[in-house]
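The listed protein sequences derive, respectively, from chains A and B. In this text, residue positions in the first sequence follow the numbering used here: the first is 1, and each later residue adds one. In this text, residue positions in the second sequence follow the numbering used here: the first is 1, and each later residue adds one.
If you are wondering where the hints come from, they were derived from the structure by calculation, not from laboratory data. Ideal Cβ placement from N, Cα and C applies to all residues, glycine included. Careful, some of the hints might be misleading.
[Claimed, not checked] Computed from the model, here is a short list of chain B residues facing chain A with C-beta under 7 Å:
1. Ile85
2. Leu96
3. Trp100
4. His127
[Said to hold, decoys possible] With a straight-line cut-off of 30 Å between C-alpha atoms, the simulated DSSO-like cross-links for lysine-lysine are:
5. Lys106(B) x Lys277(A)
6. Lys276(A) x Lys82(B)
7. Lys230(A) x Lys285(A)
8. Lys50(B) x Lys41(A)
9. Lys50(B) x Lys230(A)
10. Lys57(B) x Lys41(A)
11. Lys41(A) x Lys109(B)
12. Lys276(A) x Lys230(A)
13. Lys41(A) x Lys276(A)
14. Lys41(A) x Lys82(B)
15. Lys82(B) x Lys285(A)
16. Lys286(A) x Lys19(B)
17. Lys276(A) x Lys286(A)
18. Lys19(B) x Lys57(B)
19. Lys82(B) x Lys109(B)
20. Lys106(B) x Lys230(A)
21. Lys277(A) x Lys230(A)
22. Lys50(B) x Lys109(B)
23. Lys50(B) x Lys106(B)
24. Lys113(B) x Lys50(B)
25. Lys113(B) x Lys82(B)
26. Lys109(B) x Lys230(A)
27. Lys19(B) x Lys50(B)
28. Lys230(A) x Lys41(A)
29. Lys82(B) x Lys50(B)
30. Lys41(A) x Lys277(A)
31. Lys230(A) x Lys82(B)
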Amino acid sequence: MIDSFFSALFNPAVPFIRYAFLAGLLSSIAFGMIGTYVVVKRISYIAGSVSHATLAGIGFAVYMNEVYSVSWLSPMAGGLVSALVTALILSFVTNSSRERSDTAIGTVWALGMAVGILFIYASPGYGDPMSYLFGNILLIKKGDLFMILFLDALIATVVVIFYNRFLSVSFDEEFARVRGINTFLYNMVLTVLIALTVVLMVSTVGIVMVIAFMTIPPATASVFTNRLWKMMLLASLLCAFTSLAGLFVSYSLNIPSGATTIISAGIIYLAAVLVKKLVIDRARKKTAELSLR
Amino acid sequence: MEREVKIRLDAVSFSYEEKPVLNNISFNVYDRDIITVVGPNGGGKTTLLKLILGLLKPDSGSIIINGRRPGYVPQYSHFDSKFPITVFDVVLSGRLTSGWGFYSRKDRKEAEKAISDMQLENVRNSHFSALSGGQRQRVLIARALAGDPEILLLDEPTANVDASVGSYLSEILLELNRELTIMLVTHDMGFVHSLTGRVFCINRVFHEHPLECVEVEAPLAGHQKGMKIVRHDITLDNDGCGGCFND
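Here chain B stands alone, though its shape is the one from the complex (with noise of 0.2 Å):
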């Protein structure tokens, strides 16, 4: 059965100022698919996330989304930790709407159920920087689950936060897997490989690599079984072959 496109990127290109970030970028992803974006620094993974949630236009192509408005996830990291905010605050803004005036009780139950989604119950009315960086990060996601997002992107989500909520985390997005298409950034390849789908290589152009399916060696035996790499030795031109290659 033909899955259903949930973004089309065609032919994308981005430059801020003169300086080319993105070149001719084209690819689908989707319904519940789980995309890692994998990069150098500078290579563009930041600028296609912002593209693709319209913070910024592209120069030439066509960026298309089916479907609700994404879900954010931003990293915690940039956060102002002086800000007086308390969690079900930060929640509850996920449901804003342009246009003025206040939250409805509809509002007030969708941010209720993400935090009972995020188990975040009973920190519901602390401070937002008194909480540890994976609470933090669990905090953004209900934000951008309240909202109630067919596809969720996801900035970095285990920068500056420890191994263990790295795993937790990897487990909480393969569980909500289950019904939203999932898009991260990120560096940590312990983490591309916790999580089974498609893996986008971006440095100005696009590549798809396949993910092997393979007992790893140290130095990458810390992590569990049963684990992915990445081929960077092998890119997919067809556009859609996801899950596992064998050599």
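Okay, chain A solo, but in the shape it has when bound (with noise of 0.2 Å):
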């Protein structure tokens, strides 16, 4: 089965498990980072609007290539467009005390889904949206890879930059704010490298499946970290091997990679908790005792 699965990631004859395997090792390093921020800001509810969104931006862009042949609008840089929108209006609304924040969050979650279902109903012979929803890994071209590469570059710089900033507005606002530092730059910054994250993991798990691969890793990774750059180091390990895990166990069954994939975290995250609470606390716990004694 290893074997077969080793052979077809050399084999010429089917690159997509190629760029599948190299789109989920290049991306983990942003998921892990940016994952991160949205489970310690507690923030997945805006990571989870901003990827059901990019559905209007995809379905437009299916459309157009459907109907008027434009050729150049690919689904992932609609959806980037949609993205990026959705973060820049979620940015303000969070901003401003006298909204409704969570209502326009599921808001813009529903209108961005209704108007991808639309288009992508309008599109003659391209009535399904199963593979955005639920990631299809045969949608990863190989110019998808440098767009990867690109954002990856992007989010991981701007991270290691303004990472003692994003530290200090994420665990104390108001004390960041007396320090003189623009919350809600580095909030909206945040959102938009978000945004992109969220992107580059529509295409490996799907849409529907963002908030989990964005939330489990990180969460995972927090259970045995107590500083924030390692818990974004474990967290993009684990992305990087969660992902692979998933495509070959994928490949092997022949089962739907995104799904086999948030399974796979799943259980790593479970097999974390049960190891923590039955052997580090038990461990500590003894320690503790025999220090007493």
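Taking the hints as your guide, dock the two standalone chains into a single complex.
Right under this line is the structure:
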């Protein structure tokens, strides 16, 4: 089984396996970093909203391709535009205490999907949004790999350069403002980075499961780490491992890759929590008891 | 000798939407004052602190801060206990400035100094949420001190910490008061009594109350001797009259 997976990986006749492998490996850096912020800031609903709203742009791109043969607008680029627009809207809404931000987030979430579904419905011969909703590694083209590489580098650079400020704004926004930090700007940049990450993720796990893949590996990492950068590092490794494991299992058993990846992530998370509870906490309790004697 | 004015509020008013919170507040805080701000819930104590910190802008009037950016110590209980951050990381963030880039060697040195000043060396690398309430409060004070402030502002420093921490905290603050001007908001009258200084009462309007140097009977007798009580029946009109008054 392993042999056939690896021979497929290097088989020039089935490049999509190789693309999916590279896409999973490359994007895990961004996934781990941004997912960590999403988890520690408790804003997975913003990631969910941005993710679902990408369907509007994807649908529009599909429609333009099918109906007007506009080939330069790829679905991924369409998704990128709608993710960025959504991110900016949500930044302003969540910054204003006068708005009910959860309502706005839910509205954007649903409207984006509705628009996307209508565009896809109106595109002849393309009635199936399933691939985008639940991920389909066949959708990853060679050109997408360059886009993934570019976005990955962009996200990692911004996160590293502004690490201290993002950390402070996430931990204690009020204190950051007292120190003269423009917290609105940093929150907006972070939301834009989330949007970029979402677009990378849509092609691997699909719109619906973005929130899961954005939060489960960092949540697993947080079980074992007490500093933000360590959590990011571990989350990135877990993302890489999970997407490769998902790819391997889905190829071997011939089942959908997005769902397999998410289930792998969930199993790893449960295992981590169990290990923490049964092994680490118990050992700690024992040493505490011994030191009391 | 005339002491330097560190904080001057001149006819400051503030309202949230249409609801007035503070009305025409004026006072001077002098160098090395230690001021406790008391008053009922919703009276505007925290709002006053946020105005001085620049987190809120007054509707009218002016606020002048003399000297470096004030250090701020919020309530520790508003933190997410799951946040992955160590004591050192928290204190270091007190050195943060606008702009970008990494912390300098000097930033790290100042953070280490603040950690040793607050006697936190043994928990330096611990997870912030693994600490006790009193330790967390000291970490937040260390974070404020790392920024090398001249003024220290604290919001409810004794909220959610046990009584022993309260008396320890007042020792720390009195020690810091030798060099810093301190202003703190509190509900805890026992804590007010343990600090010698001026008492501001904020209830939409501003009053300054004198402290009475008296031996107190029960139920307050649990606190140390020589403590002070706030005379809400007396108001000081002339600003700057701190200290104790006898009948």
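Against the structure, the hints come out as follows:
1. Ile85: Holds: closest Cβ of chain A sits about 6 Å from Ile85(B), inside 7 Å.
2. Leu96: It holds, given that the least Cβ distance between Leu96(B) and chain A is near 5 Å, below 7 Å.
3. Trp100: holds, 6 Å
4. His127: Hint holds; His127(B) Cβ to chain A Cβ min 4 Å, cut 7 Å.
5. Lys106(B) x Lys277(A): violated, 40 Å
6. Lys276(A) x Lys82(B): Holds, because 15 Å separates the two Cα atoms, which is no more than 30 Å.
7. Lys230(A) x Lys285(A): With a Cα-Cα distance of about 24 Å, the restraint between Lys230(A) and Lys285(A) holds, given a limit of 30 Å.
8. Lys50(B) x Lys41(A): holds, 23 Å
9. Lys50(B) x Lys230(A): Violated, at about 34 Å.
10. Lys57(B) x Lys41(A): Since the Cα atoms of Lys57(B) and Lys41(A) sit roughly 26 Å apart, the hinted pair holds (cutoff 30 Å).
11. Lys41(A) x Lys109(B): holds, 29 Å
12. Lys276(A) x Lys230(A): holds, 17 Å
13. Lys41(A) x Lys276(A): The given pair, whose Cα atoms are some 23 Å apart, holds under the 30 Å limit.
14. Lys41(A) x Lys82(B): holds, 10 Å
15. Lys82(B) x Lys285(A): Within the cut-off at roughly 20 Å; holds.
16. Lys286(A) x Lys19(B): violated, 56 Å
17. Lys276(A) x Lys286(A): holds, 14 Å
18. Lys19(B) x Lys57(B): holds, 15 Å
19. Lys82(B) x Lys109(B): holds, 27 Å
20. Lys106(B) x Lys230(A): holds, 24 Å
21. Lys277(A) x Lys230(A): Judged against 30 Å, a Cα distance of about 20 Å means the pair holds.
22. Lys50(B) x Lys109(B): Holds, at roughly 29 Å.
23. Lys50(B) x Lys106(B): Between Lys50(B) and Lys106(B) the Cα gap is close to 29 Å, so the pair holds against 30 Å.
24. Lys113(B) x Lys50(B): holds, 27 Å
25. Lys113(B) x Lys82(B): Judged against 30 Å, a Cα distance of about 26 Å means the pair holds.
26. Lys109(B) x Lys230(A): Given pair Lys109(B), Lys230(A) holds - Cα atoms ~23 Å apart, limit 30 Å.
27. Lys19(B) x Lys50(B): Status holds; Cα separation ~17 Å.
28. Lys230(A) x Lys41(A): This hinted pair holds, its Cα atoms lying about 16 Å apart.
29. Lys82(B) x Lys50(B): holds, 26 Å
30. Lys41(A) x Lys277(A): With Cα atoms ~24 Å apart, Lys41(A) and Lys277(A) stay inside 30 Å; holds.
31. Lys230(A) x Lys82(B): Roughly 14 Å between the alpha carbons, so the hint for Lys230(A) and Lys82(B) holds.
In this structure, the earlier hints numbered 5, 9, 16 are contradicted, and the remaining ones agree with it.
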